[in-house]
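Protein chains in written order, with the numbering used here: chain A, 1 to 346; chain B, 1001 to 1346; chain C, 2001 to 2346; chain D, 3001 to 3346.
The hints are simulated quantities; they were obtained by calculation from the structure and are not laboratory data.
A couple of the hints might just be wrong.
Claimed, not checked - Calculated pairs, DSBU-like style, for lysine-lysine (alpha carbon to alpha carbon, straight line, at most 30 Å):
no.	chain 1	residue 1	chain 2	residue 2
1	B	Lys1308	C	Lys2052
2	C	Lys2121	B	Lys1318
3	D	Lys3124	A	Lys114
There are 4 protein chains.
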Amino acid sequence: MENQCRMLNFENDYSEGAHDAVLQKLLETNMEKLPGYGSDRYCESARDKIRKACDHPGADVFFLVGGTQTNSVVIASLLQRFEGVIAAGTGHISTHEAGAIEYTGHKVLTLPHKEGKILAKDLKKYLQDFYGDGNHEHMVFPGMVYLSHPTEYGTLYSKKELEEISLVCRTYEIPLFLDGARLGYALASEDADVDLPDIARLADVFYIGGTKAGALCGEAVVFTRQAPPHFVTLVKQQGALLAKGRLLGIQFDVLFTDDLYRKICKNAIETAGRLKRAFLEKGYRLFIDSPTNQIFVILDNEKMEELKKHVTFSFWEKYDKSHTVVRFATSWATDTDEVRQLARLL
Amino acid sequence: MENQCRMLNFENDYSEGAHDAVLQKLLETNMEKLPGYGSDRYCESARDKIRKACDHPGADVFFLVGGTQTNSVVIASLLQRFEGVIAAGTGHISTHEAGAIEYTGHKVLTLPHKEGKILAKDLKKYLQDFYGDGNHEHMVFPGMVYLSHPTEYGTLYSKKELEEISLVCRTYEIPLFLDGARLGYALASEDADVDLPDIARLADVFYIGGTKAGALCGEAVVFTRQAPPHFVTLVKQQGALLAKGRLLGIQFDVLFTDDLYRKICKNAIETAGRLKRAFLEKGYRLFIDSPTNQIFVILDNEKMEELKKHVTFSFWEKYDKSHTVVRFATSWATDTDEVRQLARLL
Amino acid sequence: MENQCRMLNFENDYSEGAHDAVLQKLLETNMEKLPGYGSDRYCESARDKIRKACDHPGADVFFLVGGTQTNSVVIASLLQRFEGVIAAGTGHISTHEAGAIEYTGHKVLTLPHKEGKILAKDLKKYLQDFYGDGNHEHMVFPGMVYLSHPTEYGTLYSKKELEEISLVCRTYEIPLFLDGARLGYALASEDADVDLPDIARLADVFYIGGTKAGALCGEAVVFTRQAPPHFVTLVKQQGALLAKGRLLGIQFDVLFTDDLYRKICKNAIETAGRLKRAFLEKGYRLFIDSPTNQIFVILDNEKMEELKKHVTFSFWEKYDKSHTVVRFATSWATDTDEVRQLARLL
Amino acid sequence: MENQCRMLNFENDYSEGAHDAVLQKLLETNMEKLPGYGSDRYCESARDKIRKACDHPGADVFFLVGGTQTNSVVIASLLQRFEGVIAAGTGHISTHEAGAIEYTGHKVLTLPHKEGKILAKDLKKYLQDFYGDGNHEHMVFPGMVYLSHPTEYGTLYSKKELEEISLVCRTYEIPLFLDGARLGYALASEDADVDLPDIARLADVFYIGGTKAGALCGEAVVFTRQAPPHFVTLVKQQGALLAKGRLLGIQFDVLFTDDLYRKICKNAIETAGRLKRAFLEKGYRLFIDSPTNQIFVILDNEKMEELKKHVTFSFWEKYDKSHTVVRFATSWATDTDEVRQLARLL
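Chain A on its own, in the form it takes in the complex (with noise of 0.2 Å):
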């Protein structure tokens, strides 16, 4: 354990604490006396400028702690009983959050995936089949769509993809959820073909992840529209209404001034771009290519023994009986000597 410290670091993007400015925010505001669940003037000034950051002056917007849970509350609140939330097979809640979504009592229906993202045309065969089976009442209905973005894989939706889907979308009367647990990732990504006030736009709820992006923790939910009625109950039902609310509001508020959020997230995608020069220099070969924060690349088992000496990083599943694909996760905390050094060993 001791020992992980001085090892190079590229398991995941939530190593690290806070962005710097956001602890200072923390220490600077912490005696004051402010108003628990979420209803203190930091929570309301962060609703406000992420209001703006989206150019959606009429959304709600809601801080939540982590990812998991964002993801259960938002689709247990807006799904009826009798309806459950088309994902990608690949998608979080497909597969790594311990059966959160059933434990809500809603299935989850899976689309097959390419690169991690749907496609509106298989979104589209899904819905039409369904409402043409003359037994779609013994089914469970389709009731929204969960994305993410960037996906599992670190891939991302272009506008027009993300277009595309949203007409499904709204030509069913179902909404729209994008999981930004890595957003900032790829707002800030060279490729990024979207902007907040398009997701805002195209979406009727989606989070903006602070967890994996300078915060200590956080989650900021953007409905679009409107909110669930009693949504602040829901939220206390599932156990998720934290009492000082503060330390979420002033985190946002913290990241969304002066365009923080973007800005100390553009460190990923600069040093996920050395990293990956130097895999190809090196003449490894990537399994994606993802223009975030996720290197995803094809290692020699040997080689892999010998870098899990120096550096970690994350199993991601076996290619063939020689190699094995990993991936390695740069963050906004990344530092671009730690590249450097990596870049030695490869």
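Given chain A, work out where chains B, C and D should sit, using these hints.
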């Protein structure tokens, strides 16, 4: 809203941020790269210190974010499907958690209370009656006992009372769960008759509240026997697993260094004591004489309206046509100067 | 077990099979090929007859199998996630359904009762207090009212009482749900003050119990305004959709032909009347004077033990050290000869 | 609707009432006074006969009303909170139960299928991969295996296949649950390779379907090891406990007297065999060659429309632009004359 900052604040015990030592440690450790989900060395160190403070080396310790979340996760993890949890009708889980327990599929079975406390004899009678009822297979089985210490009314269980309740639980082989959202104020009370090792000996699971006693957020759950199998998965499933578990580990590590937790809670007890004396000296009547950080006073409605202009406090219940019960709460952060100012207003 | 058949049986009102006319119709129609899931012509015909009997042409009628199932399906289909159901503390859903309501995620909010009945004024106060509580967003919203008619104690609501309760519900815009598992015995009672059209006018949903009144199984649910959207899917989801819906449709079609339902229930009232008179003549005390098919008597414990050798009845509750409250139930199938035999044993 | 009665009916296997012997027994026993909730002597007798037919004296047998209900109750009673159930993607619980499993909080984990069947090797790989994944504490644990016999496509597991699957389950210590909604047609099939004692030996729990094989309603659940603790309470909690349990007991008592269950199911197999030969003789192509009571045929769309005027059958799926897969089902009640009439229409 702005105004609230200048008013005297006795509304609750979570109006400020964190104790300074806690914040300082968050700052110092901020850029350390640590593994996620509570597996970092600060969490480990905090666990050790808590086990020592409880004189209970075999305890399993976990960190969760807030009180309702902790109640929901612990109860839903320990109960079988056919079981409910016994609590006072005034218990927090019975009334003020928006149905969080029922949302997990379990009934809260209520007992009468005496100043917020349940009595061993009522508990025993409930259990005897249940198993004596030939029809009990059509009823919800009593599967655990919930109590809070201090209670909703700021009162404390004596060691004898806890021992009696614990004995009934062990006779019927159902776990005893102690909600310690304000445990610090119980331990620091001059009337304190039970300490952490007593609680660890008598309860099967309890938590040490951080949110209301010096932390930004966080509750330390102590399973004195053993955590339920795959507890981490259950926590994840309820959306309560923090990626940056360090945030909780670091805070509790500080709070359990050099007895800080108890020391800072002492301030709430002392300021509450002063305030109580001021009320009594001015001829006010107490609704309940709480030995912790909550003072329940019966106010003449006119006086109440006048006070509201200068100080925040909580409505508790109507007393009679012209009087109201209100609550003044102190905390680790209450300034004696504020108490003095308030006393002058009485 | 064998022995029970020869004993006098007053244990409950579901000890026999079905009324002869019901069985005959099942026999006659047995080989007809009918579509499933309640879409057959007998279901349709039964629905029509029930709508007529209720004088409520716009009602939506569905058939379910049993009482607890019906309570669970109706309540879980009508409540929003943030809502619970108000009921008497002695209500069937509060006590004897093994937590079926909580299993669907909803709290049962209890009111005091008077001989099993809730009072409009208590209901009104509950709702006023709830909305008057500044903290109510942290509480379970009262989302519907449940009552049973007859109640658990065999008592009946008067028309005035029902009208008052209905008025409160409509003022607060929450549905009134009437559990009619034994509705036949209410309608046939000499004290009957409300008939089916009254109930259809005052309740938003209710059911007409078949299981305890002439059917092998089955409860007819009547939504007087409109069934919840996709109710069939909700029923299926709770495992309550019968493939051979005909089994329910045929039975209710017979029961609602030529007023059979009320006629056969009359027998329970008459035999209960005789039995009650027998008890009173012999100097027994009634615990509650029920005008329906349940007689609650206070028995000397010795007498109780003696009677147990010859007749089955239900334990209700302890009265004092030497007395017990027990229940004798009659039904559509009770033979006056049995009543005579029992009277002789008193 | 009226018309349907005169049309040939091959839509499903639950279009008629009950086998005549079953109805006669209901008639004979109708006025016997019997205790409720499955404690009567007919239930006991049926349990005994089923245990004998299974050659499994220690089995726990319970009676439930329908298939989806049984799947939901059994699965939700056996799974731990952190577990899901493995099933074929085409399994009934995966697709056609309106999310009944998810409603109880559990995920259906899907495997690929081969003509509706899962393969032991796929199951083994799934389990190996799960436990091999370092991240599996964030995933739903595979807690039991569900399969149906016959499958959704009318196909049968061979003894060898079942043994292999059972072995994997026992290696990983997860129960094997066999959905036998149409088990009678499996046992009566000429291809039958497994009998009741085999199933009782290889599965941990299974059910013998009555609804589709001679009963008005009812499924007999057999726990070959032991029922979950307080199973009756769990059944009640899900609204599945029948007051007049006799209705189920009497029916199964008759069906398991003199091998009636198997004998009457033989009729479905014979009529399906005749019908299949008729299709093949006329040059139709089978989509799947099922050895049980369901025939999946590829019809030219024009022919399909023509047939629809005279016979009911089920749409299964589109085959190509001009062809459709449809299903013809026979049952214990199918008349050979009807088969002859249908053959003439081909």
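Check your understanding: Out of the numbered hints, which ones does the structure contradict?
Key -> 1
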